[in-house]
Every structure is written in structure tokens, then in C-alpha cells.
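Build the full structure now, drawing on both the sequences and the hints.
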Amino acid sequence: MSGSTPPEDEKNLHEPGQYGSHSPPHRRTQPFFYSRNRNHGVNTPLKFIHHLIEEEAMQVTFDPAEDEGLVIYNLSLIREDDFEPVLAILKRASRAGLAPSDLARVLQAGEGNDAAVVPEGMVGLCTVCSITFDGVMIRRGAPLHPVGGGVVEVEDGVPRRFTDMLLYDATTIDPLQVLVSQEITDVWGVIREGRGSVLANLRECHMEAEPTVAGILEDLERSRIGGVLEVGAPNAPVLGFGCSPQYFGITILGGTNVMAAVKEAGYQVEINSLRGLIDIGDLEPIDHL
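Per my numbering, the sequence shown starts with residue 1, numbered consecutively.
Bear in mind the hints are in silico, worked out from the structure with no lab data behind them.
There is no bait here: all hints are sound.
Restraint-style ranges between C-beta atoms, simulated for each label pair:
no., residue 1, residue 2, range
1, GLU80, PRO285, 15 to 25 Å
2, GLU230, ARG140, 17 to 27 Å
3, GLY110, GLN246, 47 to 57 Å
4, PRO237, ALA109, 45 to 55 Å
5, PRO285, ASN235, 34 to 44 Å
6, GLU155, ASN113, 38 to 48 Å
7, VAL117, LYS47, 22 to 32 Å
8, GLU210, ALA65, 14 to 24 Å
9, PRO237, GLY110, 40 to 50 Å
10, PRO45, ARG195, 40 to 50 Å
Every residue, glycine too, gets a C-beta built ideally from N, C-alpha and C.
What follows is the structure, given as C-alpha cells:
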């Protein structure tokens with residue numbers, strides 16, 4: 001998971017401490033993007049995240065064996081002036097293997113759909129959401145339970161333990177989005193030295209589904225969607241987090257890790273998780289952007 005040390009000019013331009021747009025981070029007082037409920041004035045009942053995950057995952061059609069179908073995406077908004085340095089950060093993080101996929105799509109101002117339209121002066125970046133993993137499991141007949149999202153400590157390029165965790169059935173806000181805002185990640189440390197902390201999700205699967213899950217993971221390894229950090233043994237903790245009896249845990253890299261690296265470098269970014277579905281054929285490798 002570790003990456004090589006960047007050239008000095010790239011390091012000075014993109015690493016933490018160098019602000020984008022000539023302004024310090026966290027000065028923005030209003031979001032670049034408003035949810036569809038705010039836009040349309042709809043009084044929608046609150047949903048805990050584990051219910052939202054299940055609803056979104058049921059719509060995924062991605063088949064890792066064929067490498068085609070619909071995946072869930074996150075939409076992040078950045079300033080137009082910051083696009084080039086932010087893109088360089090995304091490429092570094094992607095090469096270091098810190099995202100569930102190396103695919104993305106750029107949206108210009110005015111582009112979007114019913115869920116979101118990119119405002120003037122901004123650029124949108126669609127990246128693959130790790131909840132796509134849940135959809136693949138459901139389609140292939142492997143029932144799983146979304147537990148939560150947290151921060152994983154990494155040493156020598158190896159994930160060691162969860163240091164923080166927010167449970168999906170106890171929040172209506174995406175845990176990884178919350179944790180990014182708390183500035184407790186060290187994605188750049190992992191990129192440069194293999195030591196730091198990254199965002200990850202935890203899932204539980206019943207031990208009877210272990211052979212089915214193993215086959216799905218093999219297909220995912222050969223596809224453009226992956227990001228599995230650790231698979232635990234039945235009735236055993238995974239990265240220090242205890243699982244339910246007769247279940248085993250699976251930890252997956254969070255799709256927001258690349259944007260956590262952007263925020264660590266001082267650039268302003270509005271992260272909107274679970275924004276909808278996109279055909280994987282409409283995405284391209286980040287290195288090609």
C-alpha cells in the first residue's frame with residue numbers, strides 16, 4: 001500500500017501544508033452542493049445509513065466476471081482553479097492502492113443529473129463508492145451485514161487495527177464523510193512511508209457463506225473494483241473489531257480515501273457520498289484523466 005517518495009516539486013505542490021486557491025482550508029461557510037431533499041423541499045423521513053446502504057446496494061448490477069454494469073458513485077466538488085493539483089493527488093492515492101477502484105469521471109460546471117448538478121466555478125469528480133461491494137455480494141447470493149465505517153491504522157504498509165468506528169445503525173450520516181471532516185486520517189503518511197491511517201468499512205458475513213464469498217473475491221481481484229483490506233476468520237475479530245458469533249468480518253477501503261488525501265493537502269473539497277448509480281463503462285482510469 002505504500003508509495004514511492006514524490007519528486008521535490010510535486011511534493012511541495014501537493015502535500016499537506018500547501019493550500020489550494022491561495023486560501024487556507026475550511027474557510028468555506030456554505031456547501032457547494034445541496035441534497036435533493038433540500039433542493040425540492042421534500043420532507044423525507046430520516047434513514048439510518050445501514051438502510052440506505054441496503055437500498056443503494058440492491059440497485060447495483062455490476063458483474064465482476066464481465067467487468068460491466070452499474071456501480072455506486074461518490075461525487076466530490078472542487079474549485080476549477082484547483083483541478084490540476086487535485087487530480088495529481090488522486091493519481092498518487094490511486095497508484096498507492098488506497099481506493100476501491102482506479103476509475104473516475106470528470107464533470108464540468110452544469111453537468112450532472114437529478115441528484116446533483118456541478119455549480120459554476122466548480123469541477124465534479126465521480127469516484128466509485130465502496131458500497132458497490134455490497135451490491136456485488138447481494139447479487140451473487142452472499143448475504144452480508146453492514147457494520148460501520150472507521151479509521152484503520154497502517155504500519156509498514158499493513159493494516160493493523162481499527163482506531164475509530166461509527167456504526168451504520170446509529171447514524172444518518174455516512175461515517176466516512178464524518179471522519180474525513182474530523183481530520184483524523186493520515187493518508188499521505190501511508191502513501192509516502194506505508195505508515196498512517198486510512199478509511200475503511202466493515203461488513204459481516206455468515207460463516208456458511210464463506211465459500212461463496214471466496215469465489216466473489218476472486219472475481220473482484222480480476223476486475224476494476226476491489227479494495228478488500230482484510231478477511232477475518234469465523235468467530236474472530238477482524239483488525240481488532242469483534243464480529244458476531246458464527247460470522248466473519250470483511251474490511252474494505254473507503255472510496256473517500258482519495259478525497260481525504262486532497263483535504264490533508266489543504267484543498268477544499270465537498271464530498272457527497274452515495275450520490276447514485278453510473279455505468280462502469282462511463283468511467284475511465286484516473287491516470288488517463
